[in-house]
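Below, each chain spelled out in residue letters.
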Amino acid sequence: MFRLFLASRYMLARPVSYLAMCAIAVAVMALITVISVMNGFLMETRHIVRGTTADIIVLPRQDPAVNVTASREAFEAIVAAHPEVAGVCARLVRPAVVKVHGTTNTSLGDSIFSSLNQVLVLGIDPVAEGPVTDLTHYLEPVGGKDNRDIEVTDRSQPFLLDRREIADGSLRNAGLPHVLVGEPRMRTLNLSRGDALEMVTVPEGSALENQSIRATTQTFVISGTFETGKHDFDMGTVFVPRDDFRAWTGTKQQFSELYVRCKDGADLARVRDELKSAFNRARLAATVETWMDRHSVYLGAVENERNILGFVLALFVLLTCTITFSMLTMMVQEKVRDIGILSAMGAGAGGIGAVFALCGLYVAGLGGVLGLLLGELLSSKINVVKDWIESTFDIQIFNRDVYAFTEIPTSIHHELNVAIVVGTACFSVFICLLPALRAARMDPVEALRHE
Amino acid sequence: MSDTDALPAEAFAPLVEAPPRKPRGPVVLAARDLTRRYRMGQETIEVLRGASLDLHAGESVAIMGRSGAGKSTLLHLLGLLDRPDSGSLRIDGVESAGLSRAARARLRNASVGFVFQFYHLLPELSALENAMLPRMISHGPLEWFSERREAREHALALLDELGLASRARHRPAKLSGGERQRVAIARALVGRPRLLLCDEPTGNLDERTSAVIADQLFALSARHGHTLVLVTHDAELAGRADRTLLLHEGRLDLPQGQS
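If you're matching them up, the sequences are chains A and B in order. Residue numbering for the first sequence follows the working numbering, starting at 20 and increasing by one per position. Residue numbering for the second sequence follows the working numbering, starting at 2 and increasing by one per position.
So that you can see chain A by itself, here it is in the shape it has in the complex (with noise of 0.2 Å):
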C-alpha cells in the first residue's frame, strides 16, 4: 500500500511534477488533435472521392479478340450476376477542349488555370446513373450554392431545360445537347445556367492527315451544375447525355467504362477479384479497380500525410516522457535517505522501485488523461476555437478556398486515443524503470548515511 500513497505524496509535492503532466497533457492533446482532424480530412477525402466514382469500375481492355462494341451487355451481364452487386451502369469517356459561346479562344494554357479549357467528358445515362453513383447528391441548385432561390426542378433529370431558359435567344430552336458543368469551372467562365458552351473533340477514327487532324465541334446548352468538392473534378470534368455524346463523336463504343454499386458491407477487393476471374472465364478483357485503387496515388498521399504528422507528433510526446524520466533522476538523488529510510521500515527493493516507478506512472497516467480529454474536446469544438481565433486576432487558419470543406473535418476515434494514453504511460514507465532500479538497488546503509 505504501507504494500507491507514498508515490502520490512524492509526486503531489513537487511543482515539477506537475509541470511534467502539463507537458505530456499538451503533447497527448496536440496528438489527438491533429490525428482527429487528419483522419476527418481522409474521411472527407475519401467521401468526396468516393462520390464521384462507383463501388467498381470496369475497363474494357483494348483487344483485337474482343468486339468491345458488340460485349457491352455480356460484361454488363456477368457484373450483374455477382450476387453482391447493386446496380451497374455504362459511361463513356472523351477527352475535349471547352470555350465558351461566341468567343474564339481555345487556348490550353490559359493564364489563369494550366488545364482551363481542358475537360474530361463523361456520357451518362442518368437514369441509369441514379442507383450506381451519387451524381444526383451533387447536383448544385441551379446558379450555384449562393442563388439557393432557384432549385433544380428534377434530379433524376438534370439534362432536362426550357429552351426559353437558353440567354442566346437565337440558340433557342437549334435543338443543341445540354450539358453538365462543374460549379468552379462555371465560376472560372462566369456561366449560368442556360448558357451555351463550345466543346471541341477529336471524333471516333481520325488520322493524322497533313500533320494535322480532324476536330469535331458541338455546342451545348447548361442544364445544371455539379459541384463534388474534389476541384479537379470539378473543374475538370462535364457530363453530357451518352446519346447526344455518341452522336458528337461518332463513337460506335456502347460504354468506356462500367460503374459498378455493390451492396452495403461487400468485400469490393473480393468482388473486385471475382469479376475478373469472370470476366477471364468468359474470355473478356478487361481491368477491374476499386474505387480505392483508382485513387490510391491521391488517397495515398493523405494517408501518408496523416501517418506523418502522427508520427511527428508521438515522437513529442515520447519526448516530453522522458521529461517524466529527468524528473525522476532528480527525484530519486533528493531521496536517497528517505530510501534508507524506507529500507529500515522493511520495505523491500521492488516496494522502493515501484515507488518510483508509479510516479512515472502517475505523472504520464494523468497527464496522458488529461491529454484525453483536452485533445477530444478541442477536436470536437475545433471549428468553434478556430471561429474565435480567427475573429479575435483576425488571421485566417483555415482557408476554405483551398479544400474542398466549408469547415475543418474531424474524426474522434476514442480508441485510437486511449491507446494513444495508455502508450504514453506505458513508454514512461518503461524509461522510469531506469530511476526506479537504481532506487531499489541501493544500498540502505549507504542511503541512511547519505548527507
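Some hints here could point you the wrong way.
Stated by the list, open to error - Interface residues of chain B toward chain A, partial, derived using beta-carbon atoms under 8 Å:
1) M137
2) I138
3) P142
4) R168
5) H171
6) N205
7) E208
Honestly, the hints are just simulated from the structure, not real lab data. A quick note: this is a predicted structure, and the numbers were derived from the prediction, not measured. Here a beta-carbon is modelled for each residue, glycine too, at the ideal position from N, C-alpha and C.
Guided by the hints, dock chain B onto chain A, whose structure is given.
Positioned in the frame of chain A, the structure of chain B alone reads:
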C-alpha cells in the same frame, strides 16, 4: 521459534555479558562472531572482529564505544540492513544469513524497529502518516483497507502516549526536534516489533528533551515488552539500560568496573 530451546548448541557458547538485573526472557536475537570489513581504496578496515551478543525478550541493552568503533555498523547488522562478512545472526529463531533481500526486508518489518539520531522522518508525510508507515509497508492495498483503521488507531494511541496527539496532522517541518524523535519512536513501535534498535536516540537533542525522550523510550519499551538496544555515547542514558556492553576493537566487552 522465539525461545532459546530453538537455537542450536553453539548458540549457548559463553558470552561476555553483564549479569542481568532482572529475570531474562527468551532469546530474541542471537549474534555470533559477526565480522564486517570495509574497503577504503587499497586499505581494508575490519570494523567488527567477531562480535557476539544475545538479546532477551524485554531487556534493554546499551552499546557504547568510541566514535568509529563500529556501533552503527553493529546496529545495522542486528537490524538486517547490512550483511556480516562472517558470523551468524538469528532473529526470532530465523537465521538471517540465507535469507534473500526481500525476506530480510519482511523480517525487518515484522521484528525490528529503528530509531535514528536524526529522526529520519519523511518530510511529505504528517506525523501520523510517518508513524503508520511500517504498517503500511507490511500490507498490500487490499489488506490495507481492512487494517487501516486499526493501524491508524494504534499509531494515534502511540502518539498520544508520547504526548503528540495534537500534532498528529503536522508535517515534520512543523515539529521540534524532540517531537520529531517522538514521532520516530512511535513509528518504530507501531509494527509491534520484538526488537527496538536506537542509534543515538538523544544525540541530537538538548539535555532536558533528551531526558524526556529517554524516559518515554524506556517506559514504552517496558510497557510493550520490546527488547531495547541503545547505541549511545551518553553514559547516563546507557546506565538506565539493564546491561551495558562496550564495543572495543571490533568485539563486545563488558565496560571496565563491571564483572
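Hints that the structure is at odds with (numbers, increasing):
Failing hints, ascending: 4, 5, 6, 7.
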